[in-house]
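Fit chain B to the given chain A structure using the hints.
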Amino acid sequence: MRALLLWISCLCTIGNCMAQQFEDQASFQMDVSQLERFHLYNRRGAVTVKATNGKTATLKVKRSLTAKSSSRLEEIKKEIYLDSMRKDGHLVFFIQHPNLKLKFDDDHTAGYESINQNWWNSNSGKDQVKVRFTITLEIPAQTDLTVRNHEHPLIIDGMKGDLKAANHHDGVVVKNQGGSADVHSHHGDVEVFYAKNPSRACHYDTHHGDIRVHYQKGLAADASMYSYHGSFYSAFDWSPSPMKVSKQSGKGAKYRVSSKSETNVKISSGGPAQSFRTHHGDIYLLDQ
Amino acid sequence: MLYRNRLLVLLFLLSAASLALAQKQSSEVFEIPLSDPNAPGKLRVDLHDGSITVEGYSGKDVILSLVTYGRNEGSSTSKNGLKRIPNVGSGFEIVEADNVVMVQGSRKSRMDFIIKVPWEFSLYLGAHHNGDIKVNNVKGEFELDSHHGGIKLTDIEGAVVADTHHGAIVANFKSIQSNTPMAFSTYHGDVDITFPASTNATVKMRSEKGDIYTDFDLQLNTPKPKTVPMAKGGSRIEVSQWIQSDIGSGGPSFMFTTHHGDVILRKAD
Numbered sequence: 001m002r003a004l005l006l007w008i009s010c011l012c013t014i015g016n017c018m019a020q021q022f023e024d025q026a027s028f029q030m031d032v033s034q035l036e037r038f039h040l041y042n043r044r045g046a047v048t049v050k051a052t053n054g055k056t057a058t059l060k061v062k063r064s065l066t067a068k069s070s071s072r073l074e075e076i077k078k079e080i081y082l083d084s085m086r087k088d089g090h091l092v093f094f095i096q097h098p099n100l101k102l103k104f105d106d107d108h109t110a111g112y113e114s115i116n117q118n119w120w121n122s123n124s125g126k127d128q129v130k131v132r133f134t135i136t137l138e139i140p141a142q143t144d145l146t147v148r149n150h151e152h153p154l155i156i157d158g159m160k161g162d163l164k165a166a167n168h169h170d171g172v173v174v175k176n177q178g179g180s181a182d183v184h185s186h187h188g189d190v191e192v193f194y195a196k197n198p199s200r201a202c203h204y205d206t207h208h209g210d211i212r213v214h215y216q217k218g219l220a221a222d223a224s225m226y227s228y229h230g231s232f233y234s235a236f237d238w239s240p241s242p243m244k245v246s247k248q249s250g251k252g253a254k255y256r257v258s259s260k261s262e263t264n265v266k267i268s269s270g271g272p273a274q275s276f277r278t279h280h281g282d283i284y285l286l287d288q
Numbered sequence: 001m002l003y004r005n006r007l008l009v010l011l012f013l014l015s016a017a018s019l020a021l022a023q024k025q026s027s028e029v030f031e032i033p034l035s036d037p038n039a040p041g042k043l044r045v046d047l048h049d050g051s052i053t054v055e056g057y058s059g060k061d062v063i064l065s066l067v068t069y070g071r072n073e074g075s076s077t078s079k080n081g082l083k084r085i086p087n088v089g090s091g092f093e094i095v096e097a098d099n100v101v102m103v104q105g106s107r108k109s110r111m112d113f114i115i116k117v118p119w120e121f122s123l124y125l126g127a128h129h130n131g132d133i134k135v136n137n138v139k140g141e142f143e144l145d146s147h148h149g150g151i152k153l154t155d156i157e158g159a160v161v162a163d164t165h166h167g168a169i170v171a172n173f174k175s176i177q178s179n180t181p182m183a184f185s186t187y188h189g190d191v192d193i194t195f196p197a198s199t200n201a202t203v204k205m206r207s208e209k210g211d212i213y214t215d216f217d218l219q220l221n222t223p224k225p226k227t228v229p230m231a232k233g234g235s236r237i238e239v240s241q242w243i244q245s246d247i248g249s250g251g252p253s254f255m256f257t258t259h260h261g262d263v264i265l266r267k268a269d
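Residue numbers (our numbering), protein chains in the order written: chain A, 1 to 288; chain B, 1 to 269.
The following block holds chain A by itself, in its conformation from the complex (with noise of 0.2 Å):
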């Protein structure tokens, strides 16, 4: 048993050995002021996205591939790669790859859509390819931003405007959040540090985590709460709101009353809506 434990471990030595490892990193800076909204669509690596004054954005990524022999590399050094594109005022940056599209909506809504289904890392013994952007953005604070990540930290410090931050198998962190905020994860923590508190609605999403948004003091809101498994928890005084209950006729029926499963609570004298949705997880509105 030892033996084969230890040819085993010889292959897998040997096996890392043979692969082909490049890394790479490349820097891009815009003017940013005239933007409608500045978007990152990464999918594997972090993104950590820090404010800064001015009006010019520094965009700094450092590519790590890896391949079973030395032409794949060469091969995938060229296909795989960050790209950007230009559409109606919105600044695109997103991940060229042969198994990956993106595709970006007329509402200027965006997500990658597979060619095939070894769309990210390959790891068929024909094709062993690893993939891996991790990407530092530095930009002007009042710039409306949408960032994704689908794997690895996002973490957004210090912005202003409107931000629209998604991840998939990780959390996502933001501090010192000055603008309104829509925050999804799915396998992760949804955390929010405000600057100030919001004046415009937010919305918070999860399946598998806690939300925790943390709050000025003097927080006014309405706010809707759902999760199937997990409880509510807040450091502000609430009181509870009506159910909300929409009335509609049509497709046959004459009357038609719904609910949905939201849990609603006005802070102090209500304001902003503020909306969370998990559905293992806890909600906590935290102050500071």
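Take the hints with a grain of salt, since some may be wrong.
Unchecked claim - Below, in silico cross-link-like pairs of lysine-lysine (BS3-like), each with a Cα-Cα straight-line distance of 25 Å or less: (1) Lys164/A x Lys60/A; (2) Lys83/B x Lys217/A; (3) Lys108/B x Lys247/A; (4) Lys217/A x Lys79/B; (5) Lys260/A x Lys83/B; (6) Lys217/A x Lys175/A; (7) Lys175/A x Lys196/A; (8) Lys83/B x Lys247/A; (9) Lys266/A x Lys108/B; (10) Lys164/A x Lys217/A; (11) Lys101/A x Lys130/A; (12) Lys50/A x Lys60/A; (13) Lys101/A x Lys62/A; (14) Lys139/B x Lys174/B; (15) Lys60/A x Lys130/A; (16) Lys266/A x Lys247/A; (17) Lys254/A x Lys60/B; (18) Lys196/A x Lys50/A; (19) Lys68/A x Lys130/A; (20) Lys60/B x Lys174/B; (21) Lys60/B x Lys42/B; (22) Lys224/B x Lys204/B; (23) Lys266/A x Lys83/B; (24) Lys260/A x Lys108/B; (25) Lys87/A x Lys60/A; (26) Lys244/A x Lys83/B; (27) Lys130/A x Lys87/A; (28) Lys77/A x Lys130/A; (29) Lys79/B x Lys175/A; (30) Lys175/A x Lys83/B; (31) Lys209/B x Lys254/A; (32) Lys139/B x Lys267/B; (33) Lys83/B x Lys196/A; (34) Lys175/A x Lys160/A; (35) Lys101/A x Lys164/A; (36) Lys87/A x Lys160/A; (37) Lys247/A x Lys217/A; (38) Lys247/A x Lys60/B; (39) Lys244/A x Lys108/B; (40) Lys266/A x Lys139/B.
Calculated from the structure, these hints are not laboratory results. All values reported here derive from a predicted model rather than from experimental measurement.
Just chain B now, with coordinates in the frame of chain A:
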């Protein structure tokens, strides 16, 4: 017996604690007009967690009172100095189309429905947890399906198919719908049904562990034991566990069955 008593006390304490924690949170009333108030109507309720009470009245609308409860999240009202907000959101839907009122309850937390219907109305009522079903003073065809709760019908007219598992079925008929079969089945409770004295039916009754009582005059026609030849030789004697009888002059089939309870068939005064 001592063990059984202790178990019963424990069950009682657990259910009392559960009731105390699942506190009533709010109620809301919905008035549902029918497409054709002069035509017969039907109510269908599907509820996963909660009870259903239906009462006939002289009005034309269906009036639904909805009672929602907080989820059982324990008794603490705080955590690390934070105030707990009870998770009371309850999704539901009420739809009326062609005189059929459909009510879909939440699967997330308990809600009770208390519903007034025009006196002549048919009912399909389905409940599961905390699921007592009660109907009072309604005439129609009733299909009633509970699981953890009992079914209680008072001063009803018409025909009933009622099924539960953990509760009793108690019904008191003012009149029955002629030539319509009925069935009442449970597992852990009594089946206690009161029919008008003039009822004509063919009844089939069975209780595995309990007894069967009636004050109707029975004319038993329970099948006699049958000898069935076996394929590999020999024979098997089949003994019916059903008591079968006509009451009155006989008529449609009424079936009553339980496992741990009694079957009680009463004749109204």
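Verification of the hints:
no.	hint	in the structure
1	Lys164/A x Lys60/A	holds, 20 Å
2	Lys83/B x Lys217/A	holds, 15 Å
3	Lys108/B x Lys247/A	holds, 21 Å
4	Lys217/A x Lys79/B	holds, 19 Å
5	Lys260/A x Lys83/B	holds, 24 Å
6	Lys217/A x Lys175/A	holds, 16 Å
7	Lys175/A x Lys196/A	holds, 11 Å
8	Lys83/B x Lys247/A	violated, 33 Å
9	Lys266/A x Lys108/B	holds, 22 Å
10	Lys164/A x Lys217/A	holds, 24 Å
11	Lys101/A x Lys130/A	holds, 18 Å
12	Lys50/A x Lys60/A	holds, 12 Å
13	Lys101/A x Lys62/A	holds, 21 Å
14	Lys139/B x Lys174/B	holds, 9 Å
15	Lys60/A x Lys130/A	holds, 20 Å
16	Lys266/A x Lys247/A	holds, 22 Å
17	Lys254/A x Lys60/B	holds, 15 Å
18	Lys196/A x Lys50/A	holds, 17 Å
19	Lys68/A x Lys130/A	holds, 9 Å
20	Lys60/B x Lys174/B	holds, 22 Å
21	Lys60/B x Lys42/B	holds, 13 Å
22	Lys224/B x Lys204/B	holds, 14 Å
23	Lys266/A x Lys83/B	holds, 14 Å
24	Lys260/A x Lys108/B	holds, 11 Å
25	Lys87/A x Lys60/A	holds, 22 Å
26	Lys244/A x Lys83/B	holds, 23 Å
27	Lys130/A x Lys87/A	violated, 30 Å
28	Lys77/A x Lys130/A	holds, 12 Å
29	Lys79/B x Lys175/A	holds, 24 Å
30	Lys175/A x Lys83/B	holds, 24 Å
31	Lys209/B x Lys254/A	violated, 50 Å
32	Lys139/B x Lys267/B	holds, 19 Å
33	Lys83/B x Lys196/A	holds, 22 Å
34	Lys175/A x Lys160/A	holds, 11 Å
35	Lys101/A x Lys164/A	holds, 21 Å
36	Lys87/A x Lys160/A	holds, 23 Å
37	Lys247/A x Lys217/A	violated, 36 Å
38	Lys247/A x Lys60/B	holds, 20 Å
39	Lys244/A x Lys108/B	holds, 17 Å
40	Lys266/A x Lys139/B	violated, 45 Å
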